[in-house]
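Take the sequences, apply the hints, and build the full model.
Going line by line, the protein sequences match chains L and V. Numbering (the working numbering) for the first sequence: 1 to 111. Numbering (the working numbering) for the second sequence: 1 to 118.
Since the hints were derived computationally from the structure, they do not count as laboratory data. Among these hints, one or two may not hold up.
Simulated crosslink set (BS3-like; lysine-lysine; CA at most 27 Å straight-line) [stated by the list, open to error]:
1. V/K11 / L/K103
2. L/K42 / V/K11
3. L/K68 / L/K42
4. L/K37 / V/K57
5. L/K103 / V/K57
6. L/K37 / V/K11
The following residues of chain V were derived to be distant from chain L, with all beta-carbon distances above 12 Å [said to hold, decoys possible]:
7. V12
8. T70
9. S87
Computed footprint of chain L on chain V; a stretch qualifies when at least three of its residues, placed anywhere within it, have a C-beta under 8 Å from a C-beta of chain L [stated by the list, open to error]:
10. 75–84
11. 110–118
The beta-carbon is built from N, C-alpha and C at its ideal position, and this holds for glycine as well.
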Amino acid sequence: GENVEQHPSTLSVQEGDSAVIKCTYSDSASNYFPWYKQELGKRPQLIIDIRSNVGEKKDQRIAVTLNKTAKHFSLHITETQPEDSAVYFCAANGGYSTLTFGKGTMLLVSP
Amino acid sequence: GAGVSQSPSNKVTEKGKDVELRCDPISGHTALYWYRQSLGQGLEFLIYFQGNSAPDKSGLPSDRFSAERTGGSVSTLTIQRTQQEDSAVYLCASSLRSTGTSIYNEQFFGPGTRLTVL
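Following this line, the structure appears as structure tokens:
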């Protein structure tokens with residue numbers, strides 16, 4: 001089955017800095033890679049996703065890049081704000097309808 | 001519209017007891033997923049229902065865990081003879097129909113049930 005590794009487990013940045021979270025996956029059949037944000041005490045919510053026929057996707061301050069050859073994908077957040085503080089999860093589908101999630105990255109943005 | 005709901009929000013039980021956790025998906029969503037989230041861990045897939053098809057039970061950790069989905073809507077996750085290691089937040093998610101590898105739809109999560117086994 002699919003295996004997803006996510007790094008770092010914790011990331012602290014100053015407000016206005018950029019943050020990058022990286023994930024690797026094992027199953028070359030994976031073709032869907034979503035990112036979820038989970039604020040403290042709340043449910044995970046989809047913030048951006050990318051499909052294997054696309055190398056990069058942007059949505060305002062967030063972007064995701066995908067390198068299928070190397071089997072890794074990354075989340076980039078620019079001009080971070082305190083409200084970006086949360087746990088971020090990457091996932092890959094292994095070619096099926098179910099998702100395998102990484103263990104999460106706790107992002108702390110200090111004012 | 002109403003999102004995914006789960007009940008109870010919190011459940012405290014004694015080791016060895018059985019528990020039932022309920023999930024009400026978004027109306028019209030045919031796909032339903034159960035996950036387990038332990039402290040410091042990611043979202044561990046448990047089981048997946050798609051319409052009337054046989055569920056994908058590949059993530060269930062032991063035969064003490066089971067789930068059913070009645071009428072293609074409400075789902076119940078049952079844990080028999082609970083153990084302390086079952087303590088976690090159990091999350092349910094639903095999505096529109098996923099068809100093979102060509103179409104993916106966002107999974108909408110419920111608020112979760114926090115299970116504590118004493």
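Hints, verified against the model:
Annotation: proposed proximity of V/K11 to L/K103 holds, straight-line Cα distance about 24 Å (limit 27 Å). The suggested pairing of L/K42 with V/K11 holds, with an alpha-carbon distance near 17 Å, which does not exceed 27 Å. Under the criterion of a C-alpha separation no larger than 27 Å, the hint pairing L/K68 with L/K42 is inconsistent with the structure, at around 32 Å. With a CA separation close to 26 Å, the supplied pair L/K37 and V/K57 stays within the 27 Å bound.
For a cut-off of 27 Å, the pair hint linking L/K103 to V/K57 stands: about 21 Å separates their Cα positions. Of the pairs offered as hints, the one joining L/K37 and V/K11 holds, with about 25 Å between alpha carbons and a cut-off of 27 Å not exceeded. A cut-off of 12 Å between C-beta atoms confirms that V/V12 is not in contact with chain L; the least separation is 18 Å. Listed as outside the interface, V/T70 is consistent with that label: its C-beta sits roughly 21 Å from the nearest C-beta of chain L, beyond the 12 Å cut-off.
Against the 12 Å criterion, V/S87 stays outside the reach of chain L, whose nearest CB is about 17 Å from its own CB. Evaluation of the coverage hint for the segment 75–84 of chain V: breached, as 0 residues show C-beta separations to chain L shorter than 8 Å, against a requirement of three. Counting residues of the segment 110–118 of chain V whose CB lies closer than 8 Å to any CB of chain L gives 3, which reaches the minimum of 3, so the coverage claim holds.
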